[in-house]
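Line order of the protein sequences matches chains F and A.
For the first sequence, the working numbering assigns the number 1 to the initial residue and increments by one for each residue that follows.
For the second sequence, the working numbering assigns the number 734 to the initial residue and increments by one for each residue that follows.
Honestly, the hints are just simulated from the structure, not real lab data.
Check each hint, because a few of them may be wrong.
[As the list claims (entries may be wrong)] Cross-link-like lysine-lysine pairs, in silico, DSBU-like; alpha carbons within 35 Å at most:
{"no.": "1", "chain 1": "F", "residue 1": "LYS374", "chain 2": "F", "residue 2": "LYS152"}
{"no.": "2", "chain 1": "A", "residue 1": "LYS773", "chain 2": "F", "residue 2": "LYS152"}
{"no.": "3", "chain 1": "F", "residue 1": "LYS718", "chain 2": "F", "residue 2": "LYS430"}
{"no.": "4", "chain 1": "F", "residue 1": "LYS634", "chain 2": "F", "residue 2": "LYS718"}
{"no.": "5", "chain 1": "F", "residue 1": "LYS300", "chain 2": "F", "residue 2": "LYS374"}
{"no.": "6", "chain 1": "F", "residue 1": "LYS301", "chain 2": "A", "residue 2": "LYS773"}
{"no.": "7", "chain 1": "F", "residue 1": "LYS655", "chain 2": "F", "residue 2": "LYS687"}
{"no.": "8", "chain 1": "F", "residue 1": "LYS645", "chain 2": "F", "residue 2": "LYS655"}
{"no.": "9", "chain 1": "F", "residue 1": "LYS229", "chain 2": "A", "residue 2": "LYS773"}
{"no.": "10", "chain 1": "F", "residue 1": "LYS300", "chain 2": "A", "residue 2": "LYS773"}
{"no.": "11", "chain 1": "F", "residue 1": "LYS379", "chain 2": "F", "residue 2": "LYS17"}
{"no.": "12", "chain 1": "F", "residue 1": "LYS229", "chain 2": "F", "residue 2": "LYS17"}
Computed from a prediction, not measured in an experiment: that's the story for all the values here.
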Amino acid sequence: MTVQGESFSYDDAIVRKFMVATFIWGLVGMLVGLLIALELANPAVNLGLPWLSFGRLRPLHTNAVIFAFAGNAFFTGAYYSSQRLLKTRMFSDALSRFHFWGWQIIIVCAALTLPLGYTQAKEYAELEWPIDIMIAVVWVVFAINFFGTIAKRRERHLYVAIWFYIASIVTVAILHIFNNLSIPVGPLKSYSIYAGAQDAFMQWWYGHNAVAFFLTTPFLGLMYYFLPKAADRPVFSYRLSILHFWTVVFLYIWAGPHHLHYTALPEWASTLGMLFSVMLWMPSWGGMINGLLTLRGAWKKVVEDPVLKFFVVAVTAYGMATFEGPMLSVKSVNALAHYTDWIIAHVHTGALGWNGLLTFGMMYWLMPRLFQTKLHSQKMAEVHFWFATFGIILYATAIYSAGLTQGLMWRAFDETGRLQFPDFVETVVKLLPMYWARAAGGTLYLVGMVLFGYNMLMTWRKRPAKYEVPVQTAPALISPYPPPPATAPAPGGVLTRFSRAAYHRTWERLPLTFTVLVVVAVVVASLFEIIPTFLIKSNIPTIASVKPYTPLELAGRDLYIREGCFNCHSQMIRPLRHETERYGEYSKPGESVYDHPFLWGSRRIGPDLAREGGKYPDLWHVRHMDDPRSITPKSIMPSYAWLAKNPLDFGGIQKRVDVMAMLGVPYGDAVNRAEAMAHNQAQALAKSIESQGGPKGLGDREIIAMVAYLQRLGVDIKKAAPGTVARATAGVP
Amino acid sequence: MKLSDIMSHAGLTGYAEVALILFISAFLGITWYVFSPRQKRSMEEARRLTVDDEPIRPPRPQSGADA
Numbered sequence: 001m002t003v004q005g006e007s008f009s010y011d012d013a014i015v016r017k018f019m020v021a022t023f024i025w026g027l028v029g030m031l032v033g034l035l036i037a038l039e040l041a042n043p044a045v046n047l048g049l050p051w052l053s054f055g056r057l058r059p060l061h062t063n064a065v066i067f068a069f070a071g072n073a074f075f076t077g078a079y080y081s082s083q084r085l086l087k088t089r090m091f092s093d094a095l096s097r098f099h100f101w102g103w104q105i106i107i108v109c110a111a112l113t114l115p116l117g118y119t120q121a122k123e124y125a126e127l128e129w130p131i132d133i134m135i136a137v138v139w140v141v142f143a144i145n146f147f148g149t150i151a152k153r154r155e156r157h158l159y160v161a162i163w164f165y166i167a168s169i170v171t172v173a174i175l176h177i178f179n180n181l182s183i184p185v186g187p188l189k190s191y192s193i194y195a196g197a198q199d200a201f202m203q204w205w206y207g208h209n210a211v212a213f214f215l216t217t218p219f220l221g222l223m224y225y226f227l228p229k230a231a232d233r234p235v236f237s238y239r240l241s242i243l244h245f246w247t248v249v250f251l252y253i254w255a256g257p258h259h260l261h262y263t264a265l266p267e268w269a270s271t272l273g274m275l276f277s278v279m280l281w282m283p284s285w286g287g288m289i290n291g292l293l294t295l296r297g298a299w300k301k302v303v304e305d306p307v308l309k310f311f312v313v314a315v316t317a318y319g320m321a322t323f324e325g326p327m328l329s330v331k332s333v334n335a336l337a338h339y340t341d342w343i344i345a346h347v348h349t350g351a352l353g354w355n356g357l358l359t360f361g362m363m364y365w366l367m368p369r370l371f372q373t374k375l376h377s378q379k380m381a382e383v384h385f386w387f388a389t390f391g392i393i394l395y396a397t398a399i400y401s402a403g404l405t406q407g408l409m410w411r412a413f414d415e416t417g418r419l420q421f422p423d424f425v426e427t428v429v430k431l432l433p434m435y436w437a438r439a440a441g442g443t444l445y446l447v448g449m450v451l452f453g454y455n456m457l458m459t460w461r462k463r464p465a466k467y468e469v470p471v472q473t474a475p476a477l478i479s480p481y482p483p484p485p486a487t488a489p490a491p492g493g494v495l496t497r498f499s500r501a502a503y504h505r506t507w508e509r510l511p512l513t514f515t516v517l518v519v520v521a522v523v524v525a526s527l528f529e530i531i532p533t534f535l536i537k538s539n540i541p542t543i544a545s546v547k548p549y550t551p552l553e554l555a556g557r558d559l560y561i562r563e564g565c566f567n568c569h570s571q572m573i574r575p576l577r578h579e580t581e582r583y584g585e586y587s588k589p590g591e592s593v594y595d596h597p598f599l600w601g602s603r604r605i606g607p608d609l610a611r612e613g614g615k616y617p618d619l620w621h622v623r624h625m626d627d628p629r630s631i632t633p634k635s636i637m638p639s640y641a642w643l644a645k646n647p648l649d650f651g652g653i654q655k656r657v658d659v660m661a662m663l664g665v666p667y668g669d670a671v672n673r674a675e676a677m678a679h680n681q682a683q684a685l686a687k688s689i690e691s692q693g694g695p696k697g698l699g700d701r702e703i704i705a706m707v708a709y710l711q712r713l714g715v716d717i718k719k720a721a722p723g724t725v726a727r728a729t730a731g732v733p
Numbered sequence: 734m735k736l737s738d739i740m741s742h743a744g745l746t747g748y749a750e751v752a753l754i755l756f757i758s759a760f761l762g763i764t765w766y767v768f769s770p771r772q773k774r775s776m777e778e779a780r781r782l783t784v785d786d787e788p789i790r791p792p793r794p795q796s797g798a799d800a
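With the hints as extra help, turn the sequences into a complete structure.
Quick look at the structure:
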């Protein structure tokens, strides 16, 4: 039989584009990270500018490093490896370019809107609805291009890396769409359709799986391609890689609720999340061992080759992070670690170690191939490796100690049974040396990044005048699949076919069926979690005295969201003794039923605010927002002086109330006269501030809405009888 | 009667365990498949894809003009 060869070439121009974008956004994302690290060590670093304040830049940092840096790195590797593994050019060059430019425009939009305070207040899903739509469109184009490439492939087998890419593409689409469902209030403002515990549940179903399907599975695909390539030997065990794949896809989806231990989430859901998280440890380590054992017999190369050095430390970091993750999901460990820097340390082991170093290794391997010349300096790559590794060690050591220190201080009781550190700021001041050390570690890592960029630039300058595009030849796939050899016995019953794994071989050849199976795995797991939370009434008992926010408080809540207060302050008191001692009665699910979106938070850089209402006089808040250090000398909270200067947008309040009412919040009379109600409450509150000796004329400033909101937090539940008017609304006629 | 009323009274206390059983069955099925001896050749072919991903070239003519 003659082999009919078909000629084709690979599109490496698109890979080069994604590679350069990865570097540029990586540099930006890490610079912002360093800036906010310095702001925590010294709040004056933000220069008093709203758009440089921590609350607004923190989401920019996370979005830039996750979606811009790691995202572009995934696309770089996926476009390079998929064409070669499938022995075909990408389905459409035009779609590839659309994907590239579309993604970069989305990143620019994120970089413009987040510092300006446009945010949905959901971690890693902060971008507002028009950008969410753009993401969905670009993602679908990517999917069409990718599945089109699979359809025209010339290689029968789908290598396991392609499986990981498929799972990532379909799951990210599902997660993105369902978590971002919201009703627009304006061109860059929307309210989540979910509220309170349900919103929290959706968010962490998304949040944890964003880590899984944006930072883990795509990079595992890259590992399974580029590590064997660089080591020049096949993966240690292909069987293990398949087990790794299916177990990771199956288990990750369930793990999200471990972000909500001891919160107002139903107990069964968080136990389920914990159980599946602990199980995840095994496949993850299977993957790590598979990666490391691929190097068996090639360890000598690791000494000489910076690419393999990056890979070895990246895979080791994956192993450490995936041991730590399951450990952190155990409730008793979580009780200590949650809301502290321990979690920040955990994600940075994963992000800097696993995603960062794997990306660098992959790109040092790609550079000579894509620029068709020798790498400018092997030595510099080596230096980059050591800078990055020591940077991670310094960062992690400092921030792990910070997390443990603060967690232990929060729960410390003295011999008389009282909190040993009742003043929250004491537990913050203790961390400052570690915050400086963290910034130093981050600087080392960033220096490595600059060396990487310089090396790439110099290699690029040595490129040939015109890139050579080698013509490849491969036989087309014969369709349909040839029947099994005549020696094989005819297929028997279902069981016989199953035992011969005939079914799976058929699925593997059918990317569509395979994709459907991945979707089924993801959707079934998700439904098992979501349906009871959304449909069983006893999961979220309502509390009669909990009423919706007044129009003015709602406007204040939106300012709280704009300024990103939830990045540093939680609104969720856990049923642990030290928490109820410090903050008051623990939070109930019924308390946040009108919270679109929920603002439970995930980190306490400042104290919890769930019971803030009525704790201090109104004037205290005005002064504290203007200059926190005039009230708490050691506080690291930035000043929000602009709130007392900016006029409050009363005109926009009615629309906000209307959308809330549309989402089922019982606003009653306010749907007709929200603006007037807001004015009345603002005037009454401004008068009260004045009578306490505060500044005059705050009645039409943003600060008034913010104070109204803060004074409302957690007060409803203290009311004995339902139907009473909230404290802060007393001035409303 | 709303859907949430039906769900609330459906007695779904064992719901979480069903998920666990589902997962373990899927896991056993996949393990069976992966380690079945029939898969040996196919697995080995797939395993070598990264190192053999240069396309299979058609046999070159032994002499004479280029193909």
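Here is how each hint holds up against the structure:
As the CA atoms of LYS374 of chain F and LYS152 of chain F are separated by approximately 33 Å, the hinted pair is consistent with the 35 Å bound. For the hint linking LYS773 of chain A to LYS152 of chain F, the alpha-carbon distance of about 26 Å falls within 35 Å, and the restraint holds. Among the hinted pairs, LYS718 of chain F with LYS430 of chain F is consistent with the structure: their alpha-carbon atoms are about 34 Å apart, no more than 35 Å. The straight-line distance between the Cα atoms of LYS634 of chain F and LYS718 of chain F is roughly 31 Å, inside the 35 Å bound, and the hint therefore holds.
Our distance criterion of 35 Å between C-alpha atoms is met by LYS300 of chain F and LYS374 of chain F, whose separation comes to about 22 Å. Taken as a hint, the LYS301 of chain F and LYS773 of chain A pair is honoured in the structure, with Cα atoms around 29 Å apart against an allowance of 35 Å. For the suggested pair LYS655 of chain F and LYS687 of chain F, the alpha carbons sit about 26 Å apart, so the restraint of at most 35 Å is met. Of the pairs offered as hints, the one joining LYS645 of chain F and LYS655 of chain F holds, with about 23 Å between alpha carbons and a cut-off of 35 Å not exceeded.
About 22 Å separates the Cα atoms of LYS229 of chain F and LYS773 of chain A, which keeps this hinted pair within 35 Å; it holds. With a CA separation close to 30 Å, the supplied pair LYS300 of chain F and LYS773 of chain A stays within the 35 Å bound. The suggested pairing of LYS379 of chain F with LYS17 of chain F holds, with an alpha-carbon distance near 25 Å, which does not exceed 35 Å. At roughly 22 Å between alpha-carbon atoms, LYS229 of chain F and LYS17 of chain F fall within 35 Å of each other, so this suggested pair holds.
When held up to the earlier numbered hints, the structure conflicts with none and fits them all.
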